[in-house]
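Using the hints provided, position chains B and C relative to the given structure of chain A.
Okay, here's what each chain looks like letter by letter:
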Amino acid sequence: MERVQFSEVVQTFAEAIREVCMQLLNMDVRKVTEEKPDNALIRFDGAVAIIGFSGGFSGRLFLGVSEPFLAELYVSMGGDGSSPVEEQLLAVNEFGNLVAGHALSRVNNRFPEANVRPAPPSSFRGEQLVFFNFGMGGFHLIFETLHGNIEMNILFKEDQ
Amino acid sequence: MITELGNALREILAAFGIEVAHLKMSYSDLHQVEGILCIVTGLVENHGERKGIVSLEFDEAAASFLLGIMIGDPEGISSEMGLSALSELSTMVCGSFLTRLNVALMATPPTGVVGKRVQGILNTMPAQKIFLPLGGGTLAAGLSIS
Amino acid sequence: MKVLVVDDSPLVRNMVKKACMGSEFEVVGEAKNGEEAVRSYRELNPDIVTLDVTMPMKDGLKAAEEILACNPEARILLLSAMGDEGLLEKARKMGIASSLQKPFTAPVLLEALRALSRG
Numbered sequence: 006m007e008r009v010q011f012s013e014v015v016q017t018f019a020e021a022i023r024e025v026c027m028q029l030l031n032m033d034v035r036k037v038t039e040e041k042p043d044n045a046l047i048r049f050d051g052a053v054a055i056i057g058f059s060g061g062f063s064g065r066l067f068l069g070v071s072e073p074f075l076a077e078l079y080v081s082m083g084g085d086g087s088s089p090v091e092e093q094l095l096a097v098n099e100f101g102n103l104v105a106g107h108a109l110s111r112v113n114n115r116f117p118e119a120n121v122r123p124a125p126p127s128s129f130r131g132e133q134l135v136f137f138n139f140g141m142g143g144f145h146l147i148f149e150t151l152h153g154n155i156e157m158n159i160l161f162k163e164d165q
Numbered sequence: 004m005i006t007e008l009g010n011a012l013r014e015i016l017a018a019f020g021i022e023v024a025h026l027k028m029s030y031s032d033l034h035q036v037e038g039i040l041c042i043v044t045g046l047v048e049n050h051g052e053r054k055g056i057v058s059l060e061f062d063e064a065a066a067s068f069l070l071g072i073m074i075g076d077p078e079g080i081s082s083e084m085g086l087s088a089l090s091e092l093s094t095m096v097c098g099s100f101l102t103r104l105n106v107a108l109m110a111t112p113p114t115g116v117v118g119k120r121v122q123g124i125l126n127t128m129p130a131q132k133i134f135l136p137l138g139g140g141t142l143a144a145g146l147s148i149s
Numbered sequence: 039m040k041v042l043v044v045d046d047s048p049l050v051r052n053m054v055k056k057a058c059m060g061s062e063f064e065v066v067g068e069a070k071n072g073e074e075a076v077r078s079y080r081e082l083n084p085d086i087v088t089l090d091v092t093m094p095m096k097d098g099l100k101a102a103e104e105i106l107a108c109n110p111e112a113r114i115l116l117l118s119a120m121g122d123e124g125l126l127e128k129a130r131k132m133g134i135a136s137s138l139q140k141p142f143t144a145p146v147l148l149e150a151l152r153a154l155s156r157g
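If you read the protein sequences in the order shown, they are chains A, B and C. Count along the first sequence from 1, add 5, and you get the number used in this note's numbering. Count along the second sequence from 1, add 3, and you get the number used in this note's numbering. Count along the third sequence from 1, add 38, and you get the number used in this note's numbering.
So that you can see chain A by itself, here it is in the shape it has in the complex (with noise of 0.2 Å):
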């Protein structure tokens, strides 16, 4: 299989996010940062998706979300009026469904051999938050958007 460069992975997450923004909620994004985490924890208030990914390679994608950012995904997604938490919950697994999947789309088209799935997504929301992720290495992106920040963060298992 051809070497998979991860930085070239990370860039096509990055792009699956503006996809996704773009055609759900005809939003914008722009990458604000992108640095290398050097902490296994993450500290976040808002909401979570996480979703793992396995094959010729494997990793996680963890996706923060502000809560008016929140509002506006559940909207688009069919919601409205009052949005109980289990269903901003699922908006959120679904956005991170979505960027997932668009993003190891491109990721086996582009390496045919790697055959990456993308477990089911999680979601999270809760006060204090902490994530954690041990013996691996990745990329930390904050994204600019009308509505808030989105952070990606995404990892890779080193010994890969």
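These are calculated hints, taken from the structure and not from any lab test. It is possible that part of the hints are untrue.
To be verified - Computed list of lysine to aspartate or glutamate pairs in DMTMM-like fashion (alpha-carbon distance at most 25 Å, straight line):
| hint | chain 1 | residue 1 | chain 2 | residue 2 |
| --- | --- | --- | --- | --- |
| 1 | A | K162 | B | E83 |
| 2 | A | K41 | A | E20 |
| 3 | C | K55 | A | E24 |
| 4 | A | K41 | B | E83 |
Below, chains B and C alone, put in the same frame as chain A:
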């Protein structure tokens, strides 16, 4: 399959000298989080569309008890070492589970989350869970798979 | 035209229903997994099925296989977040000619349904 997950968990806990006597089971339409600390591992099929989620969900008492045995650390879930130990436990449980099943499923790296009033949907598929009494608290192992 | 909407996500089912409202496509039923999809197809005999791939109890490709075995002329629009060539090739080989990658706007979905209904 949930029985096999329960057996895998008991096997790994036994390796740390923890014997669990009683297992309670439940079924729900959605795989949701219970507890303050949850470790989620995805399952994907290499050449197919099958996928799922394995979860280990701890309340504070169960997590602290387990970490006291695993690493002798009373600060447990407040420390990176504690969280790392629980992640490793999850990896061992999933590895044992998949070996028992002997199916062409791969595990994704585990992701943990800890916090206050954690609400989460781990999978939109129905889930089965096994509840183990542990150190005065509860450890739940959950499985949702297509 | 009668449409059966199949997706385990209630949000996505809602999106499809809203897109069809006021159009020539009438949603006559919903299913949230592959087994319900096959059962509903036999009961409702829709003109078109919108079908998610990843679902509990039976995935979309297996459900499509059974629907096509029941009616080789069945019109299926595969909806998936994944759009890689491998999946699309698998679907084409099964006889599913149409697919759309999620998310989709209402006009894009309606155009895909119209193209499928024209045959």
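A quick look at each hint next to the structure:
1. K162(A) with E83(B): Answer holds: K162(A) to E83(B) is near 18 Å, not above 25 Å.
2. K41(A) with E20(A): holds (18 Å)
3. K55(C) with E24(A): At roughly 23 Å apart (the allowed maximum being 25 Å), E24(A) and K55(C) satisfy the hint.
4. K41(A) with E83(B): Cα-Cα ~19 Å, so holds.
Figure legend: structure checked against the earlier numbered hints; every hint is met.
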